[in-house]
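Starting from the given sequences, assemble the full structure and let the hints guide the process.
Respectively, the protein sequence lines represent chains Y and P. The opening residue of the first sequence carries number 1 in the working numbering; numbering runs sequentially from there. The opening residue of the second sequence carries number 1 in the working numbering; numbering runs sequentially from there.
Simulated from the structure, these hints should not be mistaken for laboratory data. Hints may contain errors.
Unchecked claim - The list that follows gives simulated cross-link-like pairs (lysine to aspartate or glutamate, EDC-like), each with its CA atoms no further than 20 Å apart:
#	chain 1	residue 1	chain 2	residue 2
1	P	K112	Y	E66
2	Y	K177	P	E109
3	P	K112	P	E221
4	Y	K177	Y	D210
5	Y	K177	Y	E368
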Amino acid sequence: MDLRKMLFAGASAMALAAGGAAADPVTVGMITTLSGGGAGLGVDVRDGFQLALAMSGSDAVRLVVEDDGQRPEQAVQIADRMIQSERADILTGIIWSNLAMAVVPSVTAQDVIYISPNAGPSPLAGANCHPNYFNAAWQNDMLHEAAGAYANTLGYTNTFIMAPNYPAGTDALTGFKRRYQGTIAGELYTQLGQTDYAAEIAQIRASGADSIFMFLPGGMGISFMRQYAQSGVDLPIVSAAFTFSQDMLPAVGEAALGVYNTGQWSPDLDNAANAAFVAAFREAYGRTPSLYASQGYDTANLILSALAAADVDDRDAFRAALRAANFDSVRGDFAFANNQHPIQDVYIRQVAEVDGQITNRLVGLAIEDYVDPYAAQCPMQ
Amino acid sequence: MTLALLLEQVLNGLQFGLMLFLMSAGLTLVFGVMGLINLAHGSLYMIGAFVCAVAAAATGNFWLGLAAGMAAAAAAGALIEIVVIRRLYDRDHLDQVLATFALILILSEGTKILFGPFPLYLNVPPILRGTVNLGLTDYPLYRLALIGFGIAVAVGLWALIARTRLGIRIRAGENDREMIAALGVNIRALYTVVFALGAGLAGMAGALVGAVQSVQVGMGEPVLILAFVVIVIGGIGSIKGAMVGALLVGVIDTMGRFLLPRVFATFMEASQASGVGAALASMLIYVLMALVLVLKPRGLYPLHG
Numbered sequence: 001m002d003l004r005k006m007l008f009a010g011a012s013a014m015a016l017a018a019g020g021a022a023a024d025p026v027t028v029g030m031i032t033t034l035s036g037g038g039a040g041l042g043v044d045v046r047d048g049f050q051l052a053l054a055m056s057g058s059d060a061v062r063l064v065v066e067d068d069g070q071r072p073e074q075a076v077q078i079a080d081r082m083i084q085s086e087r088a089d090i091l092t093g094i095i096w097s098n099l100a101m102a103v104v105p106s107v108t109a110q111d112v113i114y115i116s117p118n119a120g121p122s123p124l125a126g127a128n129c130h131p132n133y134f135n136a137a138w139q140n141d142m143l144h145e146a147a148g149a150y151a152n153t154l155g156y157t158n159t160f161i162m163a164p165n166y167p168a169g170t171d172a173l174t175g176f177k178r179r180y181q182g183t184i185a186g187e188l189y190t191q192l193g194q195t196d197y198a199a200e201i202a203q204i205r206a207s208g209a210d211s212i213f214m215f216l217p218g219g220m221g222i223s224f225m226r227q228y229a230q231s232g233v234d235l236p237i238v239s240a241a242f243t244f245s246q247d248m249l250p251a252v253g254e255a256a257l258g259v260y261n262t263g264q265w266s267p268d269l270d271n272a273a274n275a276a277f278v279a280a281f282r283e284a285y286g287r288t289p290s291l292y293a294s295q296g297y298d299t300a301n302l303i304l305s306a307l308a309a310a311d312v313d314d315r316d317a318f319r320a321a322l323r324a325a326n327f328d329s330v331r332g333d334f335a336f337a338n339n340q341h342p343i344q345d346v347y348i349r350q351v352a353e354v355d356g357q358i359t360n361r362l363v364g365l366a367i368e369d370y371v372d373p374y375a376a377q378c379p380m381q
Numbered sequence: 001m002t003l004a005l006l007l008e009q010v011l012n013g014l015q016f017g018l019m020l021f022l023m024s025a026g027l028t029l030v031f032g033v034m035g036l037i038n039l040a041h042g043s044l045y046m047i048g049a050f051v052c053a054v055a056a057a058a059t060g061n062f063w064l065g066l067a068a069g070m071a072a073a074a075a076a077g078a079l080i081e082i083v084v085i086r087r088l089y090d091r092d093h094l095d096q097v098l099a100t101f102a103l104i105l106i107l108s109e110g111t112k113i114l115f116g117p118f119p120l121y122l123n124v125p126p127i128l129r130g131t132v133n134l135g136l137t138d139y140p141l142y143r144l145a146l147i148g149f150g151i152a153v154a155v156g157l158w159a160l161i162a163r164t165r166l167g168i169r170i171r172a173g174e175n176d177r178e179m180i181a182a183l184g185v186n187i188r189a190l191y192t193v194v195f196a197l198g199a200g201l202a203g204m205a206g207a208l209v210g211a212v213q214s215v216q217v218g219m220g221e222p223v224l225i226l227a228f229v230v231i232v233i234g235g236i237g238s239i240k241g242a243m244v245g246a247l248l249v250g251v252i253d254t255m256g257r258f259l260l261p262r263v264f265a266t267f268m269e270a271s272q273a274s275g276v277g278a279a280l281a282s283m284l285i286y287v288l289m290a291l292v293l294v295l296k297p298r299g300l301y302p303l304h305g
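Now the structure itself:
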């Protein structure tokens, strides 16, 4: 609290010193996960976001960051505080869908804009879509649906599927099954934040599956992969980018090599915005950006583009400016569907060792111009 | 469902239960001997894991890390007993809960400041990597070693309490602490030793489990909750009760997570069954605890008759 006040005082003093000519910066509140097993995701979203602000040289945004500890009740409290005492006009940052479900509906109802840099639970994308809710990442099903389609291409016919028991986990398995044509050898929901997968690995071993699809982001995926590598089970894994993202590859190591995973972005995606982003991120933080960092970066640039075009206090104009999505996304083409979730391409990536570092490289396109299936239920036009 | 799968799940349950026992043994001893509710027991588990991870990374030797983790947890336990806990013996349980809850916050934040917010990873020692063939199924060698380790510690703890002078004093302390003080036993030193012993066991569990899972801030709290369930089921203060309770909780939790979705799948659609089954399985041990409390309100092996 005190530190934040000090930073704010410092920033205000600097604004005054600069002549006070610039309009007051817009407060963006970032509620994200900076501790525990999910910390890698939140740190990357934050770092990507801050990098975009720094690169723009703009002082249009005052960013306030707080750690939700991956706890819904804490996220709700932070959101209230950011709206009431920080006077935030825009909130962003939430990583986990169960936290997003707890925070987003009340935030958007208070006429505050929420822009998701990561979670995209299906209930917020369909009939309950909201003019104040934008998703700059994906609807949850998207990457998993692409993974299901790619499992067909790989010739898998009997896949064991697994995800944590929370909104994004059910979306993941629903998404995977939408295009997958083989049979399901077994279907498991694990606990969110679970760290021991012995009981699940035993069931995979006994299932007779020819492949595994799992969605276990952050520390969960690291724990699973390390235990899987020691288990003697050796089935191929197909997954979405979350479980094989740059934030966890160093901890998983060689066990991840060769795994195919789907993502709307990859560090080697060939466009000018991405080349500039990856180079600047490596320069600033000394590591390769993850999928989450790319989403944080895009979210910040989306906000900056809308602030340049409209006044945030004129909500209608500001929402229209956001909807135009007039910024250079690091994932290439980017537009919003009617439910204000992205229309974008989903790629296949493969974990590989590039220049001595374990990372992802692009191997192909999975789905072009994907629009999530819930958009049709959204009454917004 | 095959016999091989059943065997593997029983082993998983045993392994989980034995690690829970290491955690609950200290908790139940401290409560039995000193009448103290120590919520910070999970933090000692965390300290053991962090120190083990750091020492193993620095020396390249898991066993040195394990020894360092145990020693650090025991030392932290002794320090906490002398600085904080000693002032709480005469206060009621609510004050103890408040003070030890504060310790959780202090130790978690302290660990975060020292080691950063990211999880650390501890490698399984090379000699225990890979799997062993148990005839019916392959099983990870390290988990098998954890089972052996847990049993060895349980036997050692039993010998300590049943066969040594320290053990006699601990048992006497549980029965009548004024009397043993009157008989000339240094009760303050005994309390410190018991607390450090419990802390060392928790640290050992943290370090051992850290090698298969991840070492992160707050890793002790979920285990602490389970350890409380264990000692309530087993009877507070009873080591034997902690053993039986830990094995019950370990096996029932593992089997529940594995069998309940299958049971529901017989009359429900598969994906729904796995969701409902997973949700119910996570409640199963609390149902067990409630049942035990209804039938035997003082636990399975109550200490004072």
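For each hint, the structure was consulted:
no.: 1; hint: K112/P <-> E66/Y; in the structure: holds (15 Å)
no.: 2; hint: K177/Y <-> E109/P; in the structure: violated (42 Å)
no.: 3; hint: K112/P <-> E221/P; in the structure: holds (15 Å)
no.: 4; hint: K177/Y <-> D210/Y; in the structure: holds (16 Å)
no.: 5; hint: K177/Y <-> E368/Y; in the structure: holds (19 Å)
Of the numbered hints listed earlier, the single one contradicted by the structure is hint 2.
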